[in-house]
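Student: Here's the letter readout for the chains.
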Amino acid sequence: SQQGEEDPQALSIQEGENATMNCSYKTSINNLQWYRQNSGRGLVHLILIRSNEREKHSGRLRVTLDTSKKSSSLLITASRAADTASYFCATRMEYGNKLVFGAGTILRVKS
Amino acid sequence: NAGVMQNPRHLVRRRGQEARLRCSPMKGHSHVYWYRQLPEEGLKFMVYLQKENIIDESGMPKERFSAEFPKEGPSILRIQQVVRGDSAAYFCASSPRETVTNEKLFFGSGTQLSVL
Numbered sequence: 001s002q003q004g005e006e007d008p009q010a011l012s013i014q015e016g017e018n019a020t021m022n023c024s025y026k027t028s029i030n031n032l033q034w035y036r037q038n039s040g041r042g043l044v045h046l047i048l049i050r051s052n053e054r055e056k057h058s059g060r061l062r063v064t065l066d067t068s069k070k071s072s073s074l075l076i077t078a079s080r081a082a083d084t085a086s087y088f089c090a091t092r093m094e095y096g097n098k099l100v101f102g103a104g105t106i107l108r109v110k111s
Numbered sequence: 001n002a003g004v005m006q007n008p009r010h011l012v013r014r015r016g017q018e019a020r021l022r023c024s025p026m027k028g029h030s031h032v033y034w035y036r037q038l039p040e041e042g043l044k045f046m047v048y049l050q051k052e053n054i055i056d057e058s059g060m061p062k063e064r065f066s067a068e069f070p071k072e073g074p075s076i077l078r079i080q081q082v083v084r085g086d087s088a089a090y091f092c093a094s095s096p097r098e099t100v101t102n103e104k105l106f107f108g109s110g111t112q113l114s115v116l
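These protein sequence lines are chains A and B, in that order. Its first residue numbered 1, the first sequence is counted upward by one per residue in our numbering. Its first residue numbered 1, the second sequence is counted upward by one per residue in our numbering.
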């Protein structure tokens, strides 16, 4: 089964609003990463947070990690129509080589 | 500095034919991952390779699927005797030689396989 599960499955907001997506996982991790995918394209890396970090920022992105609850959230502030995409969390387990992806959140930002 | 290159972009095969998907990692990257994505779903890990070695193939179906990453040339994902259920987008990703653990992956644009 997938390691990461995102919620909500789909999110529709107005331009300028904030978007929050959540990710839960099952096993101990080395790091958690968020990726973005535009329709019909490959994934683009957004941000990586290590298991010993609690919060990280990159531009309009803010990621939190709670290892006790095995969960992470991605906040996009002041959303733009161009942020419309699917967002995936991915976990690299403590022992292992592969990056395991969740099912993703489809974000639609209306202008 | 080209990114991860996958070809073909679209591949149509009839049931029973073979599909060969190619992936050239970014320059200097010697780790390649293959993922499969069905519509409206996330990516499912298939296989992880380094040059001339398969490191983790735990996501690969036991039959009909194989992957290689030769010393020279691209990585190849090969699907023999394709069936309709193999229709999906197949993505390749690469990462640099060192410090695998905390590395992000660089993805290609994928190959959309359609089996008629």
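I should point out that these hints are in silico values taken from the structure, not numbers from a laboratory. Take these hints with a grain of salt, some might be off.
[What the hints assert, rightly or not] Okay, the calculated bits of chain A under chain B, using three or more residues with CB under 8 Å as the criterion:
#1 44–54
#2 98–111
[To be verified] Each computed PhoX-like pair below joins lysine-lysine, with the alpha-carbon atoms no more than 20 Å apart:
#3 Lys70/A - Lys56/A
#4 Lys56/A - Lys51/B
#5 Lys27/B - Lys44/B
#6 Lys44/B - Lys71/B
#7 Lys56/A - Lys69/A
#8 Lys44/B - Lys26/A
Predicted model only: the values in this text are computed from it and were never measured. Note that CB positions come from ideal geometry on N, CA and C, so glycine has one too.
Student: Hints first: check each against the structure and report whether it holds.
Tutor: Okay, the hints, checked on the actual structure:
1. Only residues whose C-beta sits within less than 8 Å of a C-beta in chain B count toward coverage, and the region 44–54 of chain A has 4 of them, enough to reach three; the restraint holds.
2. Closer than 8 Å: that is the beta-carbon criterion, and the region 98–111 of chain A has 7 residues meeting it against chain B, so the requirement of 3 holds.
3. A C-alpha spacing of about 16 Å is found between Lys70/A and Lys56/A, which places the hinted pair at or below 20 Å, so the restraint holds.
4. Proposed proximity of Lys56/A and Lys51/B is contradicted: the alpha carbons are some 34 Å apart, above 20 Å.
5. About 25 Å separates the Cα atoms of Lys27/B and Lys44/B, which puts this hinted pair outside 20 Å; it is violated.
6. Between Lys44/B and Lys71/B the CA atoms are separated by roughly 26 Å; this puts the pair beyond 20 Å, and the hint is violated.
7. For a cut-off of 20 Å, the pair hint linking Lys56/A to Lys69/A stands: about 17 Å separates their Cα positions.
8. Between Lys44/B and Lys26/A the CA atoms are separated by roughly 16 Å; this keeps the pair inside 20 Å, and the hint holds.
In summary, the structure is inconsistent with hints 4, 5, 6 from the numbered list given earlier, while agreeing with the others.
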